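Enquirer: Chain V is already provided as a structure; the job is to place chains B, L and R on it using the hints.
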Amino acid sequence: MGYSALKIFKEGLFGQKGWKPVWRNPEPKAEYDVIIIGGGGHGLSTAYYLAKEHGITNVAVLEKGYLGGGNVGRNTTIVRANYALPGNSEFYSHSLKLWEGMEQDLNYNTMMSQRGVINLFHSDGQRDAFARRGNAMINQGDDAILLDRDGVRDLVPLIDFDNVRFPIYGGLYHPRGGTARHDAVAWGYARGADQRGVDLIQNCEVTGIDIEGGVVKGVQTSRGAIRAKKVAIVVAGRSSQVAEMAGMRLPIESHILQAFVTEGIKPILDQVISFGMGHFYISQSDKGGLVFGGDLDFYASYAARGNLPMMEHVMEAGMTLMPSIAKARVLRSWGGIMDMSSDGSPIIDKTETEGLYLNCGWCYGGFKAVPGSGFSYAHLIAKDMHHEPASQFRLDRFRTGRGLMDEEGTGSQHNLH
Amino acid sequence: MRLPCPLCGDRDRREFYYQGHAVALDRPARDAGDGAWDDYLHNRDNIAGEVRDLWHHEAGCGAWIEVTRNTVTHVVSGARLVRGTAK
Amino acid sequence: MARLIANTPCAGLLPKTIGSVSLSEVDAGVVTLVAPFNGQQKAVSDALKSAIGVGFVAPNRCVGTSPRVMWCGMGQALVMGVDCPDLPAQCVDHSDAWAIVRIDGAGADAVLARLTPIDLRASVFKKGHTARTLIGHMTGGITRLGAQSFEVMVMRSMAATLVHELVQAAENMDARAGLSA
Amino acid sequence: MRIAGKGLNAGGAPVSFSFDGTIYEGREGDTLAAALLANDVRLVGRSFKYHRPRGILTAGSEEPNALVTLGTHAAQDPNIRATTQELYDGLAARSQNAWPSLKRDAMAVNDLMSPFLSAGFYYKTFMWPKSFWEKVYEPIIRRAAGLGAISGVTNEDTYEKAFAHCDVLVIGAGPAGLMAALVAAQAGADVILADEDSRMGGRLLAETYSVDGREGADWAADIVARLMAMDNVRLMTRTTITGAYDQGTFGALERVTHHTAATQAPRECFWRIVAKRSILCAGALERPIAFPNNDRPGIMTAGAVRAYLNRWGVAPGKSVTIFANNDDAHRTAVDLVEAGVKVAGVIDSRADVQALGDYPIFTNGKVVGTKGRLGLESITVQHSGGTRDIRTDCLAMSGGWNPTVHLTCHMNGRPTWNDDILSFVPTDGAIPDMTVAGAARGVFSTHGCLEDGIAAARAVVDTLGLDAVAVDTPSADDSAYRIEPLWQVEGKGRKWLDFQNDVHVKDIKLAAQENFRSVEHMKRYTTQGMATDQGKNSNVAALAVLADATGRGIPETGTTTFRPPYAPVSIAAMGAGAQGHGFAPERHMTSHQATLDRGAPMIEAGLWYRPSYFPKQGETTWLESCNREVGMVRNTVGICDVSTLGKIDIQGPDAAAFLDFVYCNTFSTLKEYRVRYGLMLREDGHVMDDGTTARLGANHYVMTTTTAAAGQVMKHLDWVSQALRPDLDVRFASVTEQWAQFAVAGPKSRDLLNTVLDADIDGESWPFMACGDVSIGGIVGRLFRISFSGEHAYEVSVPARFGASLFRQLCAQAEAMGGGVYGMEALNVLRIEKGFITHSEIHGRVSAFDIGFGRMVSQKKDCIGNAASQRPGLLEAEREQLVGFKPVDKAEKLTAGAHLFVEGADAVRLNDQGYVTSVCHSPTLGHDLALGFLRDGANRHGETVMMVDHLRGVKTLCEVCHPVFFDPDNTRAKETSNG
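Respectively, the protein sequence lines represent chains V, B, L and R.
When you line the first sequence up against the UniProt record's numbering, it's residues 1 to 417, in that order.
When you line the second sequence up against the UniProt record's numbering, it's residues 1 to 87, in that order.
When you line the third sequence up against the UniProt record's numbering, it's residues 1 to 181, in that order.
When you line the fourth sequence up against the UniProt record's numbering, it's residues 1 to 979, in that order.
It is worth saying that the hints were derived from the structure and are not from the lab.
If you're wondering where the values come from, they're calculated on a predicted model, not measured in any experiment.
Each hint should be verified, as a subset may be incorrect.
[Claimed, not checked] With a Cα cut of at most 27 Å, we get these calculated DSSO-like pairs of lysine-lysine: (1) R/Lys-715 to R/Lys-861; (2) V/Lys-52 to V/Lys-229; (3) R/Lys-130 to V/Lys-7; (4) V/Lys-266 to R/Lys-135; (5) V/Lys-10 to R/Lys-6.
[Claimed, not checked] In silico negatives: residues of chain R with every beta carbon more than 10 Å from chain B: (6) Asn-232; (7) Gln-593; (8) Gly-599.
From the three backbone atoms N, C-alpha and C, an ideal C-beta is built for every residue, glycine too.
Okay, chain V solo, but in the shape it has when bound:
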């Protein structure tokens, strides 16, 4: 059923009686062409693009809990394409283009808001590193502007330029970056996939992957065995557990990333601001809440909740950067489980098992990748060939040292990216 202002008007007159379910609740079939393990943002967009771009609709998305219940439902909603290194650069560039056409494509308002992302820098050295990144963005065809101190001041008067512990030398401005309504992204892709015939199966936990003679045959689930020609893993923080069902050990460690939202207040902040020295980033939602976060809690965890030291560190960063938000009150804090790879960049690749595919390692950058990841993963699954923008996301790069994408320059320790 198509959505439109007219439809809303009609339903308004007739008591909303005509709205149909956004997706069905199908029973699992005995066999599918493709089974996607994981009904998060990436899994749902993969299903959508398999159907839309490749006409593969005999697809099931198996979700342990509820659709969009993973990191796509618990993040700080930032969308950007401001990476420095080849491999990441072209991928996020492609993903951002998909964001820009998403609402019309999905006929669903995901409230993509290109309000601009500003990464602050605090020394000449950092300025030069950001300049390198900004030039890489422009080389890639994206947008970047190097702001000096006054340039930042004009855009973000809230910052305490005179007293902040690490002075603001300027910022790398990425106007096309912004935010989106995270749940809506999952729902929009789910609805689009369902409309094209994909079975979205909730409360269905995968308990095993059936492999015979090096070829994938299907999966075991809490709702019985399901056969499949191809099986695609895309389960973020749970990647290691699911991959282990296929005898794989991944370059992944799962970590907690906390995020915070304040009570709704009238608009005061228009852009997404990232304060490098404080590991702090912040934006304001359309509902008025300040949405912000910081670094990982740093210890391996599946608890989806954090502890006070990082929470306090994040608040302290906010207080030195923009002490005018002092009296905004934190309403809710939560944690997501991040699949931290050992160079901080993702993996979209085939595995040694024929017909088994792997998509993981998004660290804390998974939300902005939702469209691009699904698009490229669908391409790999459908054609058994890497999609160009994601062709560097290889699993073997760690062993060979070839094409590592260590944006932070922190090396092989998973939690430092």
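Expert: Frame of chain V, contents of chains B, L and R only:
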């Protein structure tokens, strides 16, 4: 979160630096081959449950400790000094 | 031919009295960091005992007044207030490495409770106990000298920040004291 | 309306305050809400979405409606709960989310549009035309966002943080909490008793119960007095436990000065409380009933009505009606009648109930409608006897009580449904070492709570190895709690659930109809439970409605989780102390003051402050000063404080072997009193850090690290020694702070040193890379003949206490010789001219091979990073390698961060050949220089490449060259003449 430093006693998590899984104690020989080194540097069991991981009491006594901790509940069931226990 | 003049880490910053607590800088005299080599801990302890009357100390303990030996980390102690004898250990001059501030008076423990995560209850952290921990965002040491008397030490270069944070905490406590219920 | 002589603060002095500019009189001990009701102010706010008129709903921190703004300018504080804000003289409150006025709010037009603004409508529209979202729709939506506003002015209040430790933390000081604290304390445990109210006693302050035959409030006051007298008890009022974290850690917010006019004391304190055990006695919260138009000002919870009446002597209405499905309804009626307030009727949804006093009762009763635009005027009642309208200005409703389970959910625990009380109760063990007692676990009678508090404390102290002293349970009401299900009432009009977010029953049904059947989907789709009360008032009822709409029982439907904080916490409280420079410690060199005295601008280097340059009279730009300082070093002599570099003293029989293992090159072969450059790798084969290490004895070295990596290297050495090579007998300690160290660089450096050293040095005794002890004014210092400038240079160090003094004398001598002091800018130029790398080059992604040091990775021995550095991908020619760049046209400028392309190629990613890391203008060579990384660079010296910097609009043709631009043979640094 609090961790039991074998030297200092129970201390707030904020005094500690986290490195990762205790697999880092089993350093391969220089010529062990790229597979062994790939496992050592990158690949992890990443268990959802009880694990042994490595922390440094950075803002304390400076000891590296191996903590037995549950990654789902965060229950800490033990800790020992790394010195002398490493292979 | 130069003539060098000495400055203390907190020169010009202390002493200060805020409400019921007073802050003063401590000159610990000659300070030597001692780290016994493998298997030498007893030998070091015995040599120290015979030379200065105090042996090597257990973790989290500070023994003696002057001279005194203060544990300062895994396998390390500071020998303070006396020249360190030759020992089968790494011996490093630390006389200038630390800013040491003494805090005395009613509420001294409450002031420190604003800065350090360790349990300062008298039943837990007793006279002669020392701890390596955080003071604000600084790594350092806290030693209890008496019921309401402590010694706080951080890296010399952070002396100004240490004094600032202690003063801020003391002022907050003092302002609270003036509040009606 | 105030009732003479009634209330715990009956004797309170009059207090003057204002609301939306009108001056009112309240009474000492009032909350703002109590004082407003005493003045018959019912309309206090507007809802979020439809801007519907809102009145006071509750008497606690869970209040969703009565949110006001206090203060102006920097002190402006939005979303203050009028129900917990204590009154003080001169308090000025303003309503929120209404324009032009609370009574006439233009945005109320939204309410007329509501048929078209159903749950999630915005997901279905605003999509066309594409560009309109940012330009048109979103700005309109954003203008409507939020309730209150913050000033945007820099905070001027003080906030603080503190830690507390105890054996037993008791959360909530009602009957259960008071008894629990008393029993635990009498057993000798260190107890902290925290309560968010200004006065301890919990519901005993709001009810007319007697305990031990006395007024409940008086009994509570006695217990509090007894606790206060014990020195193992800490009482924390106005303190909300906000979160439960691992290993017995709790967050807590103390509102230190909210109850007074501005003072010097901190406004709030955020506590980190560590408790061996905790006892949760947080009580229960009453829930509204979803009946048509149940949201008018004047409709509040029955428990709140009793609180206003009994604690503050305020009747929220002149003619009160009561609607409930449980016995509380009748207690409210009895108290009102007792106080002489007219009770126009009790509407009880149950069949078999009698009035407990002189008031009309309507059994099988339901309220099916209400009237009154800005405040309740009448209700329509259906009951056994038919339908009738009742005039009433206050309706007290009770849908039952929900135990305050929130903290037990903070560690992913899910509460359990209990059919007897029709609500959720905590699940055992949800929080390690936490016991739940009293109403918080569904024990609702006063006697039951007292008993439960005692029992909980006895069990807890037992686990601590303490012996509880026997106490008798005080006598108190023990009547059973009787309730029948009543989740919603059919009838015309919207039945509101989430009063602030304007979510009503139909929205939940629509969510179910659109297959948002999971609780999380429903919540996210309708925004139910996402307002400032986080669903405390509405989640359970909404869940019941969803269960009904989806044909499932409530347990199968699930629960929404509650996340910290229990009540909102200001960013200022959790971030206390960090404003301005408090965010991170500041590290000062011993030359700090002298440097400021010389007018040098400071720049951050990690936590350190270092001088950028030292302006001289007449110099107008940093470049002028920098060029002069560079010339000074190249031609005469310059002084620079280099104390910030990490210095690590390393001793032991195996010190040399240890260094051979942590450095990729060899140190065991280094002669005593000599210095060698070392390169340190990470285990993954990339460069970690570099620096010089001096050998002061057979088993004694001093290692220097870069300023940036000092901490990381120290931690790394600890790691290698403790975890990987415990077999090596070596010890190390940081001496960074012990020594003040100064570079003395330039042709005249030795001459200068000979003016301060007690004994002269010469080129033979102190050749390049020599080191050793020296004496300065009788003080033993150290001298290293090393150079980061390429000049004949030294670094001299003395104990830090003498640093300031030596710095002043070195500077004076240097100036006397035509040289002077130099800063980071000059230091950077000098090192680029010599091709020395810093962390601009070793940025974490480069291998030894990339910087031309591949052969330094000795293959004769193992070392950290050796194996991984031999991965094929780290050794391939097409990797970007360190080279130098000069502009072909010497007048052209170079910029760091620019990328490199083959001349004529488009400046796009696919043609990218590398990038520039460091740039300077070389006054020595008279043109710009750059260091950078170029594909296969080592083999491309002499080629030209195009350097493109889109951001700064620079495009310069460059010659690729060796990274050492000046004195490639290092003759200047090595000079040996004795002149």
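Enquirer: For every hint, state whether the structure bears it out.
Expert: A quick look at each hint next to the structure:
Distance hint between R/Lys-715 and R/Lys-861 is fulfilled; the C-alpha atoms sit about 23 Å from each other, no more than 27 Å. Restraint check for V/Lys-52 and V/Lys-229: satisfied, since their Cα atoms lie roughly 19 Å apart, inside the 27 Å limit. In summary, the hint linking R/Lys-130 to V/Lys-7 is supported, as the alpha carbons are separated by about 18 Å, within the 27 Å threshold. With a C-alpha separation of about 18 Å, the suggested pairing of V/Lys-266 with R/Lys-135 holds against the 27 Å cut-off.
Using a Cα cut-off of 27 Å, the hinted pair V/Lys-10 and R/Lys-6 is violated, with the two alpha carbons roughly 55 Å apart. Once the 10 Å rule is applied to beta carbons, R/Asn-232 is consistent with being away from chain B; the minimum gap is 20 Å. Every CB of chain B is more than 10 Å from the CB of R/Gln-593 (nearest about 28 Å), matching its label as outside the interface. Non-interface call for R/Gly-599 relative to chain B: holds, since the shortest CB-CB distance, roughly 36 Å, exceeds 10 Å.
Hint 5 alone, counting from the list given before, is not met by this structure.
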